[in-house]
Amino acid sequence: MTVKRTAHRMLGVLPVVAVALLLPCSARAQAMVCKPNYDYSVEVDGSFPKNATLYQSTTPGMYFIDVPTCKTGLLMDMKARKVVAVPRDLVKTVDGGLQLSDTVPPAAAAYALAVDGPMVQFQAEDKKVRILRCLDRPPIVGAVDLDALVTDRPEYREGMKAYSPDPASIATMGKYAKRVQIDAFFATWCPHCKEYMPKFLRVMSEAKNPNIKLNLYGVPKGFTQAPGPWQGRNINSIPTIIVKVDGREITRMASQPGAEPEKELAGIFDAVK
Amino acid sequence: MDATPGARPYQQTPRTVSWRRAAGHLGRVALGIVFLAAGFLKGLDPAEFVHQVAAYGLIGMRLSGVAAPALIVLEIVLGVTLVAGVRPLLTGLASILLLLMFIGIEAYGIAAGRTEACGCFGAYVQRTPAQVIGEDLLFVGLAILAIAGLRGWAGTRPGRAAAVLVAAIVLSGAFVVASPSLPIDDYVTRLRAGRTLADLDLAARLPELLRGRHLIALIDVTDPRAAEIASALDALASRPGAPVVVGLTPATEQEIDAFRWTVVPAFEVKSVDRVVIKRLYRRLPRFFVLDSGRVMAVYDGAPPEAGDLLSSEAS
Numbered sequence: 001m002t003v004k005r006t007a008h009r010m011l012g013v014l015p016v017v018a019v020a021l022l023l024p025c026s027a028r029a030q031a032m033v034c035k036p037n038y039d040y041s042v043e044v045d046g047s048f049p050k051n052a053t054l055y056q057s058t059t060p061g062m063y064f065i066d067v068p069t070c071k072t073g074l075l076m077d078m079k080a081r082k083v084v085a086v087p088r089d090l091v092k093t094v095d096g097g098l099q100l101s102d103t104v105p106p107a108a109a110a111y112a113l114a115v116d117g118p119m120v121q122f123q124a125e126d127k128k129v130r131i132l133r134c135l136d137r138p139p140i141v142g143a144v145d146l147d148a149l150v151t152d153r154p155e156y157r158e159g160m161k162a163y164s165p166d167p168a169s170i171a172t173m174g175k176y177a178k179r180v181q182i183d184a185f186f187a188t189w190c191p192h193c194k195e196y197m198p199k200f201l202r203v204m205s206e207a208k209n210p211n212i213k214l215n216l217y218g219v220p221k222g223f224t225q226a227p228g229p230w231q232g233r234n235i236n237s238i239p240t241i242i243v244k245v246d247g248r249e250i251t252r253m254a255s256q257p258g259a260e261p262e263k264e265l266a267g268i269f270d271a272v273k
Numbered sequence: 001m002d003a004t005p006g007a008r009p010y011q012q013t014p015r016t017v018s019w020r021r022a023a024g025h026l027g028r029v030a031l032g033i034v035f036l037a038a039g040f041l042k043g044l045d046p047a048e049f050v051h052q053v054a055a056y057g058l059i060g061m062r063l064s065g066v067a068a069p070a071l072i073v074l075e076i077v078l079g080v081t082l083v084a085g086v087r088p089l090l091t092g093l094a095s096i097l098l099l100l101m102f103i104g105i106e107a108y109g110i111a112a113g114r115t116e117a118c119g120c121f122g123a124y125v126q127r128t129p130a131q132v133i134g135e136d137l138l139f140v141g142l143a144i145l146a147i148a149g150l151r152g153w154a155g156t157r158p159g160r161a162a163a164v165l166v167a168a169i170v171l172s173g174a175f176v177v178a179s180p181s182l183p184i185d186d187y188v189t190r191l192r193a194g195r196t197l198a199d200l201d202l203a204a205r206l207p208e209l210l211r212g213r214h215l216i217a218l219i220d221v222t223d224p225r226a227a228e229i230a231s232a233l234d235a236l237a238s239r240p241g242a243p244v245v246v247g248l249t250p251a252t253e254q255e256i257d258a259f260r261w262t263v264v265p266a267f268e269v270k271s272v273d274r275v276v277i278k279r280l281y282r283r284l285p286r287f288f289v290l291d292s293g294r295v296m297a298v299y300d301g302a303p304p305e306a307g308d309l310l311s312s313e314a315s
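If you're matching them up, the sequences are chains A and B in order. Quick note on numbering: my numbering labels position 114 of the first sequence as 114, and the sequence is numbered without any gaps. Quick note on numbering: my numbering labels position 248 of the second sequence as 248, and the sequence is numbered without any gaps.
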């Protein structure tokens, strides 16, 4: 009788033991993986710190925000409408993204967030943080050099990294002997530019031809009415890439879905020998 | 008739009269067919024509909601009466007035910097304002030909003319009202089973959809029902073996973000140029299953049931 009872008790305990043994495995399986999303910018106290990045989790509605000046990472839970402070030792860098342990301390600080149209905002560690689309940042206006552009705009920098231009076209561009000046008018608020310009800039940096000079101009919203280098040049849409060979305007390039700027430029150089 | 030689430098012979009249009839019928086609094509998607009229900024959305359907009826009625030969002088003059109004509106559009297609032949025929002005001038020429050629021709008998007029008004009005509910989307839009992503003009824009199985949701993220649709799609997407759900919308990036932060859908929503996406629907929402870039099935009004998705996979 006693033996039977003990056996029954042991059988009853078995599922609990099994669950306890499996728990660490499931915790590992549920560790959250996040990838950077450069479509969004992180504004902290009115400025856009370099390397402040929004990471998108594989779990819907969960985002990790890395603000280098914050002591902790910030886990944004859109469904629960809160931001939880995540100790940095629970965040690991993995394969171009981050992995968060699921064991966030229960006493971790949490902050309420507010959705204001297309923006999310909250206050964490006395810092006012806003998440907004990169296109909604104040634009770059006027002449800008490539290094300054890619330092300030991660969406351009990462877009350049992601593009693989056609090597044969790059070789054609690299060997071109005539003097070329390319004036590129674009806007950091323009979605077509965000798609096209990183490809174009990657092509220009790959060509490495001293005969090809690139001038970049950021244009403001309502640029047709605003004064600047875009005026008097018949620029009605952006991006507009004006290609001059030996001082003479040869053609203009614009963005198209699936555009391959290196092939277009190589074709132009082949035609103007 | 003046019989004195020299009183008129050119005397009309029966042959010249018949040529002139034949040209007049040709102009009348051609112009009538143009108006009929324009009215019919607009009538296939009256809501889109309301949107296009409002986009000119001359009248507000509410007034456009009345003016646009009225214009469709007017064009069809004018087309029918021209073809039927009802009061040719009056219908010819009315045509000229209407065409001059269109030319004025298009000229305003050009002055205001509009470059997108007008909706003169409905949402599925794309032309620029400048092209439209050229066409309208040609149609004014047809109207002048009809008026000049049919001078002295009374047209259809009054009783029959009245019957034609009443029938045209009633039938065109009924067509405009009933059109959105007619099951003609497969014929009117580009989206139907068997089409490829390239046929839909999306292959270059969304190359990631060329591989694998996707359920594409054409949705209006600003519609209050969008949250309910997103919830149904989330439930579908969570089923084992379900296709990847992707939302496509004509909304702006800002509207998509407002939707993303408030509704928190479990699927990606992407903005597609209105000119491109509008060719795929008359009314939103609309859904389709893509397998390796080919449309397998289309669903109107509500997301497919999980069982439908399995059957479309099997087919």
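The hints are simulated quantities; they were obtained by calculation from the structure and are not laboratory data. Note that the Cβ used here is the ideal one computed from N, Cα and C, for glycine as well. Check before you lean on any hint, since a few could be wrong.
[Said to hold, decoys possible] Here are the simulated lysine to aspartate or glutamate pairs, DMTMM-like style, with alpha carbons at most 20 Å apart:
| no. | chain 1 | residue 1 | chain 2 | residue 2 |
| --- | --- | --- | --- | --- |
| 1 | B | Lys270 | A | Asp126 |
| 2 | A | Lys35 | B | Glu255 |
| 3 | A | Lys221 | B | Glu208 |
| 4 | A | Lys199 | A | Asp45 |
| 5 | A | Lys35 | B | Glu208 |
| 6 | A | Lys221 | B | Glu268 |
| 7 | A | Lys79 | B | Glu208 |
| 8 | A | Lys127 | A | Asp246 |
[Unchecked claim] Partner residues are not named here, just some residues of chain A that face chain B (Cβ under 8 Å, in silico):
| no. | residue |
| --- | --- |
| 9 | Gly117 |
| 10 | Gly174 |
| 11 | Pro257 |
[What the hints assert, rightly or not] Covered stretches of chain A, as calculated for chain B (at least 3 residues, CB under 8 Å):
| no. | segment |
| --- | --- |
| 12 | 164–172 |
| 13 | 207–220 |
Results for each hint:
1. For the proposed pair Lys270/B and Asp126/A, the alpha carbon gap of about 34 Å is over 20 Å, so the pair is violated.
2. A threshold of 20 Å between alpha carbons decides the hint, and for Lys35/A with Glu255/B the separation of about 23 Å lies outside it, so the pair is violated.
3. About 31 Å separates the Cα atoms of Lys221/A and Glu208/B, which puts this hinted pair outside 20 Å; it is violated.
4. The suggested pairing of Lys199/A with Asp45/A is violated, with an alpha-carbon distance near 32 Å, which exceeds 20 Å.
5. Between Lys35/A and Glu208/B the alpha-carbon distance is near 18 Å, which keeps this suggested pair within the 20 Å criterion.
6. Taking the CA atoms of Lys221/A and Glu268/B, the gap is about 28 Å. The hint is violated against a cut of 20 Å.
7. A threshold of 20 Å between alpha carbons decides the hint, and for Lys79/A with Glu208/B the separation of about 28 Å lies outside it, so the pair is violated.
8. In summary, the hint linking Lys127/A to Asp246/A is not supported, as the alpha carbons are separated by about 53 Å, beyond the 20 Å threshold.
9. Using the Cβ-Cβ criterion of 8 Å, the hint placing Gly117/A at the interface with chain B is satisfied: the shortest such distance is roughly 5 Å.
10. Given hint, Gly174/A at the interface with chain B, is violated; its Cβ is 27 Å from that chain's nearest Cβ, farther than 8 Å.
11. The interface hint given for Pro257/A is met, as the beta carbon of that residue sits about 4 Å from the closest beta carbon of chain B, less than 8 Å.
12. Figure legend: the segment 164–172 of chain A, annotated as covered by chain B; annotation inconsistent (0 residues with Cβ-Cβ distances under 8 Å, at least 3 required).
13. Coverage of the segment 207–220 of chain A by chain B is violated [criterion: at least 3 residues with CB-CB distance below 8 Å; count 0].
When held up to the earlier numbered hints, the structure conflicts with 1, 2, 3, 4, 6, 7, 8, 10, 12, 13 and fits the remainder.
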